[in-house]
Structures are given as structure tokens and as C-alpha cells.
Amino acid sequence: MRIFFIVFLISFKFSIAQPVSEVLDTSNTSIALSLSVERNDFYTTFTYLRSIESFSVNPSLGFGLVHSVFQANPFVRAGIDIYYNPVDKTILNCQKVLFGVGLGYYFSFYNRPTFTNNHELCAGYLFRFGKRLKFIQKTFIGILKESFMGNNERVHLVYPNFHLSMGLSYDL
Amino acid sequence: MIYRCFLVFILFLSSCQKRGDYDQILIIGHGGMGLDHLMSIYHDNTFESVELALEFSGVNGVEVDVQMDLDGELWLCHDTDLSLSLGVDGSIPEYHTEFLEEQSYETIRKEKLCKLRDVIHLFDDSDQLFIDVKSFNPSSGIIVDPMLFKEALDTILMEAACEISVILVNGSWVSYFVDDYQTYLDTDSKSIMDSYLSSYPQLAGLVVRYESLSRTEIQDYLNQNWQIYLYEIRSVKRIRNALEKRPSGILPDDIRRALIEAR
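So the sequence lines, in the order shown, correspond to chains A and Y.
Under our numbering, the first residue of the first sequence carries the number -7, and numbering increases by one thereafter.
Under our numbering, the first residue of the second sequence carries the number 155, and numbering increases by one thereafter.
A couple of the hints might just be wrong.
Cross-link-like lysine-lysine pairs, in silico, DSSO-like; alpha carbons within 30 Å at most [what the hints assert, rightly or not]: (1) A:137 x Y:391; (2) Y:391 x Y:344; (3) Y:399 x Y:344; (4) A:81 x A:123; (5) Y:304 x Y:344; (6) Y:264 x A:137; (7) A:137 x Y:269; (8) Y:344 x A:137; (9) A:88 x A:137; (10) Y:269 x Y:304; (11) Y:266 x Y:304.
Everything labelled a hint here was simulated from the structure, so no lab data went into it.
Only a predicted model underlies this, so the values are computations on that prediction, with no experimental measurement involved.
Please model the complete structure; the sequences and the hints are all you need to start from.
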């Protein structure tokens, strides 16, 4: 399975695009809105995507619900992703396909049942497809450090986490 | 326009649900941070799980499942078949202490199988410790001697600072514990509950599944000065419904969600 994936990536990098008649979208700045799920939470994120050659830097600000939708227990999160984009191709009808692998750091906090903050370091991919309006899908896995003031001492918990996101981006 | 704004404001106010007052209902961590909870950080009935549960402000205590090995040592373990979570054939009553000391759960963190004596010092005088006594092992068919179990328990709990309660599934064991410990019976049958509560007025009460008793039945028992604790509470909906039944306490499998609802 991994072999197929690697072959796909390599072949994509060296494939030759068909000539297109329409003006290509050359914007390197986008904004995105996505819905995500992670180990404990559901959240929505506003992201600013800035591409510099094969790299992109994406700071984000999010708002979510901790543990359960039904309890409507909110939290705020902020983060930044940095990607290397090995795939940045224009295919039929001027549609772009972008595939980046990268790292992300996130910080979030919430107040109930006790004031808790999270620091998180992740790695994963971001896939974008479309014209000016693009579908985006992000999958990240990483390590989350959760800390809160316990009855006797400050508690620090470190455990694996995942993020699955889907949304839309718009080229400015 | 003003009328519409006023109408929206009234609708907004009416949609706000008043939070119930659940401060009197005790929250007892089921097996520590919870039993069979997919997102739980630690395996149930481990040192780490009990320690973490007691760190949460608003948690009143922890329930642990206790089994006795061949040498009379008491271990925290819910499973009667160790192959399910530890990858070892057999059950706790079939093994010696030396062997069990080397065993760990098959989880990411590899939490070690924990002795009851190792968690006792985690509880202070404001905490409650509920000991669910596993007297019969269906996978091995071994029935533990109640006298030996109680002797082992007495020895370990001699120096405990916290309030201790014993939960018994096996009604025939009640007579061994009821005079020395706060003893609770765990059964789903209403007729068995009534029978034991009338035979043993010293019983502290019942620890029953969430669905076993209605709110009215719980209030009837509470009015007769028996304590009622509910368990098998996993979802938010169940936590809310369990709190609405107004028992003495709940044993939720997700402490954080229970605290958000109850505190």
C-alpha cells in the first residue's frame, strides 16, 4: 500500500500537465473555513493560507466544543501549520491539486470542569482541490499535552491525538 | 421592530434551561477514570487511573474492583478473564503474587496490574473508596473464601484515612462484611433488593445499574435512609438522566462529562 502511495506521489511530481486556455490562478494567499474532529473535541477553524514557493504557512484560529456536542462546552484554539507541497499541479479545467505534508502546533484552553490548557504538536497532510474555491481535507496525528490544576498538584497528561478536517478555501 | 426584538429576547430566555442543583449527588469514578471508556487515557483499575480521578475537583471518591490471588493479596482488576486485557490466560485467583506483580495491561502505556495496598495512600479523609468485591470468578469457576478475603481487606484498610464502603454482588457474603463495613448490595432484581434490605437493616444501601430503579423507587429507598448509587453511565444523556433520578451518588464512566453536568 505504501509503495502505491509513493509511486503516486513521484508520478504526480513528474507528470506533464495539458496546455490550458484559461488564465491560471496564481494566487498564493487563501482563506479557509473547516470543520474538524479530534480525540476529545469538535471544532471549526478559520485559516489563513500563505504559499511561498513550495512551502505554505497557515496560521489558524478556531472555536470548538469540548468532549461532547450535547454539553456545548466551548473552547478556543490557535495554531500554525507549515507545509512542504510536493504536489502543486493544474489539471483539467484549470483545477488545481495541491498536496502538502507538514507540521503543526496548536494551543487551546477551556474552563469546565476545570481550567485546562493543551499544547499540541502534529504531523500530517493537507489536500486541496478545485479552482478559486477549493475543497480542503487535512489529516494530522500528534502528541497532545494537557495540563490543569488538580486537587493536590498541577496535572500534566501526554497522549496521542488525531485531527480530521474538511472544509473550503478561497483564493484571495 | 421593537416588538420583534422583544419576542426574540423572550424566546431566547425561554430556551435557556436552568441547571439542576446536583451538588448533593456524589460523583464516584468508576474504576478510576471510567470503565470501557474509549477515550480514557488510562486503563481502569490502575494506579494512574485512580490517581488522576482523585485530582479532579468535584470528584468525591473512586470505586475499584478487587480480586484476591492465591497468596491472599488483593488486586485491582475488573476482568475475570485476564486474557482480555493482560494477555495472560486464567484469572487472578489462579496466580501467585510474584507472577501478578510482573503483569501489565496491553495498552499504549502498559500500566501495571495494581495492588489495593498501593492506592490506599492516595485517598485522604475527604475521599470515599468503594471496593467492589469480586467473590466469584465465572471463567475459572473459583469461589473465594469470604473469611480470607475479609481478613486481607482488614489488614490493608487498617491504616486507610478515607471512608470505605464495600459493594457485594454475592448476597451470601453480606453477613461477613455488614457489621464492619458500610456495605452495599449490587443486584438488578427489585425483589432481591427488598429481601436483603429487610433481612440486613445494617446495609448502607444499593449500588445498581442506571436502569434498575426509577426515580420514584430511588426516592422511596432514600426516604428509608438507604443510600442509592447508580452505575453504567456512559453517555451525556445517561449522566443527565441519572442525575435527574436524584440518587445519593453516581459512578460515571466519563468523569469530565459528569463534572460538567453536575458541578
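These are the hints, each one checked on the structure:
1. A:137 x Y:391: holds, 29 Å
2. Y:391 x Y:344: The hint holds at about 24 Å.
3. Y:399 x Y:344: holds, 16 Å
4. A:81 x A:123: holds, 11 Å
5. Y:304 x Y:344: Holds, at roughly 27 Å.
6. Y:264 x A:137: At roughly 19 Å apart (the allowed maximum being 30 Å), residue 137 (chain A) and residue 264 (chain Y) satisfy the hint.
7. A:137 x Y:269: With Cα atoms ~28 Å apart, residue 137 (chain A) and residue 269 (chain Y) stay inside 30 Å; holds.
8. Y:344 x A:137: This hinted pair is violated, its Cα atoms lying about 46 Å apart.
9. A:88 x A:137: Violated. Residue 88 (chain A) to residue 137 (chain A) sits at ~36 Å, over the 30 Å cutoff.
10. Y:269 x Y:304: Given pair residue 269 (chain Y), residue 304 (chain Y) holds - Cα atoms ~15 Å apart, limit 30 Å.
11. Y:266 x Y:304: Holds, at roughly 24 Å.
In summary, the structure is inconsistent with hints 8, 9 from the numbered list given earlier, while agreeing with the others.
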